[in-house]
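Protein chains: 6
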Amino acid sequence: MITITRRVEFSAAHRLHNPELSAEENWRIFGICNNANGHGHNYAVEVSVKGAIPKKTGMVMDLKDLSDILQRAIHEPCDHKHLNHDVAMFEGIIPTAENLAIAFWKGVAAELTKYPGVKLHGVRVIESRNNFVEYFGPDA
Amino acid sequence: MITITRRVEFSAAHRLHNPELSAEENWRIFGICNNANGHGHNYAVEVSVKGAIPKKTGMVMDLKDLSDILQRAIHEPCDHKHLNHDVAMFEGIIPTAENLAIAFWKGVAAELTKYPGVKLHGVRVIESRNNFVEYFGPDA
Amino acid sequence: MITITRRVEFSAAHRLHNPELSAEENWRIFGICNNANGHGHNYAVEVSVKGAIPKKTGMVMDLKDLSDILQRAIHEPCDHKHLNHDVAMFEGIIPTAENLAIAFWKGVAAELTKYPGVKLHGVRVIESRNNFVEYFGPDA
Amino acid sequence: MITITRRVEFSAAHRLHNPELSAEENWRIFGICNNANGHGHNYAVEVSVKGAIPKKTGMVMDLKDLSDILQRAIHEPCDHKHLNHDVAMFEGIIPTAENLAIAFWKGVAAELTKYPGVKLHGVRVIESRNNFVEYFGPDA
Amino acid sequence: MITITRRVEFSAAHRLHNPELSAEENWRIFGICNNANGHGHNYAVEVSVKGAIPKKTGMVMDLKDLSDILQRAIHEPCDHKHLNHDVAMFEGIIPTAENLAIAFWKGVAAELTKYPGVKLHGVRVIESRNNFVEYFGPDA
Amino acid sequence: MITITRRVEFSAAHRLHNPELSAEENWRIFGICNNANGHGHNYAVEVSVKGAIPKKTGMVMDLKDLSDILQRAIHEPCDHKHLNHDVAMFEGIIPTAENLAIAFWKGVAAELTKYPGVKLHGVRVIESRNNFVEYFGPDA
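Residue numbers (my numbering), protein chains in the order written: chain A, 973 to 1112; chain B, 973 to 1112; chain C, 973 to 1112; chain D, 973 to 1112; chain E, 973 to 1112; chain F, 973 to 1112.
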């Protein structure tokens, strides 16, 4: 197996908050991440795809195409936005790094159906140097 | 001259917006940084101080003390906050990286008056790998 | 499968030395890492856990809890210590990166038994940018 | 399972070009990477091996030996070279990151046959912070 | 004094070679950097400008404008190119990091004349993690 | 002015301790850095030199020569050593980052006297990502 990975970055605000819970319980669960006005990160997302390597190109997939997909599926909707208020894919979803990884997986996987033989392998969402999430899809 | 530098990090939301200007002019000046709900960064701040090196300690200043000052003057008021709404030192100030550097300089310099022979040399505010600001004080 | 990873750092001295071997054999096996007075590193340890994502929290596990565990199991016993002389968990163990990873796995896994549904996935011990070890547990 | 990973770096030029295709098709497939005079990167390669940990050494493998292998198999043939014109292992091969990973795997695996109980686990070729390839061997 | 710094990156091949010298002398001076087919780097360039901070904007200069200048003056002419053969600003110039810094200074300074009150402060050319050049202009 | 900077790294143990003071005072001043068995770091040192740029070479100084000097003056005496016990240049000196910077300055400056027109500009000693020291010489 061989994977190629492309990284994309964006800067966004978010707030960890479950509107179905009380203020007290939100604070107990999310702590300072529950701050009403939000806080923010320079997010980085690394997306890995796998496939065979055609002799003609030597590439699992055109990196420019993968980069364009990440722009459309991740950077454009999220960069310089508040994830809770401005981004459709997070409506009704608490924007934890876990949920970001799952949402980005769906968006990228949908675009990759146009590339036969190429499969999404993993999505890594890096919130800061100190914490990141890796998701390997609903079937892993 | 010798300087020692200590780094501190915090995650915060902010919005570049001048309430005295129209929505159109704000957008023209600040672009996507004017997004109404804000966006965010993992900020890093590097604070440099200078002074002589006493033979007894071999240190310009106790790094633990400098670290404590940065916690009080920078990390505690700003981490997991929205700089426009939650942080007293930015009331009435557009929270650009330039203005953060000046505000942090003031806060740190005030604490350093307790350390005779030690002088604040510079404050670097790093918003992302791609842009940072360096401030060397009102007299530089 | 989804994993969340938390990073912790510590600065420590160590010496690669097997007291059951001769000085010559220790030098042959460990080279400069056998220096009698030790040498040191800024270690980083990345610990990954896996589990389901409760809809209520959107998190595999509270990152603050994971961070507290890493403080107790890794940072507090090791930071600003000599791993051979000052740290109980390395008594009788050569403090190679491999053995550090196994010891940290044990310490963290013991604490995680309090979190039903959360499992330790991997421990990465980074000695320097140029070498690191990854351990996926006794059953992997 | 436990792996140890060693990193090696080199600076090289390369050009993505398939001599069996027309200039137009090369441009269509490889874009700016097809520039006739080539371009270049600071490559980093991380090689992971796995094995048991002998109690006597506490190490899967002597890191100095692994480092020497990477010097011979990767750094010496490639550093400060043009991968298309100067490096025997890439004759007739388009030097994409994918093909580099496969070629380095072969070279390192051949040397590792001298180390019973140690197996090559993975090769990561990092072309830039934004893209890298991971190869886990012909049997993975 | 306050400076803001913007970073831009490009990947390029180059060769250190003085055509007025013999092959032997070129090799003696430039060593492996004289390899006939060139080698390459992921270059990063950090450009710092200084100026006053208008209360209206809180910014020395619009970062988007600075970013656009760096795209035109540095990234577009150099990215995925061979600096010796493909880039007009290096005709007749040995593309050492020193000469890159001076050439980029000239290109950026020419564009900054449109911004009254903003002055170019420094250009840092980073060839690799292990070596970089800083240029503070012909008057420094 | 133009400077070129070269980076060198080493891994070492050290202990902050003044033998002329009591155990209590050492602990009060140096805290955990006073641990009797020492602790350690992956140190990085960045050395900057300045000079004119001869048209013939386009380089302030041959980087290979500067690299060799750093190997002899910094890496060889310090790597995989205990700075307090194994390194002659620190005899009678508390090995704080400040004192390291001054000692390295002396060693490098002595070697640079063989290079007319080249002057040592600065020495940066990086103990960890969170703290570093910069020294600009006895005349700065």
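No lab work stands behind these hints: they were computed from the structure.
Positions of the beta carbon are idealized from the N, C-alpha and C atoms, including for glycine.
One thing to keep in mind: the hints can contain errors.
If the Cβ cut is set under 7 Å, some of the chain A residues that face chain D in the computed set are [stated by the list, open to error]: (1) Ile974; (2) Arg978; (3) Arg979; (4) Gly1023; (5) Met1031; (6) Lys1036; (7) Asn1056; (8) His1057; (9) Val1059; (10) Met1061; (11) Ile1065.
For each hint, the structure was consulted:
no., hint, verdict
1, Ile974, "holds (5 Å)"
2, Arg978, "holds (5 Å)"
3, Arg979, "holds (5 Å)"
4, Gly1023, "violated (10 Å)"
5, Met1031, "holds (5 Å)"
6, Lys1036, "holds (6 Å)"
7, Asn1056, "violated (28 Å)"
8, His1057, "violated (29 Å)"
9, Val1059, "violated (23 Å)"
10, Met1061, "violated (23 Å)"
11, Ile1065, "violated (27 Å)"
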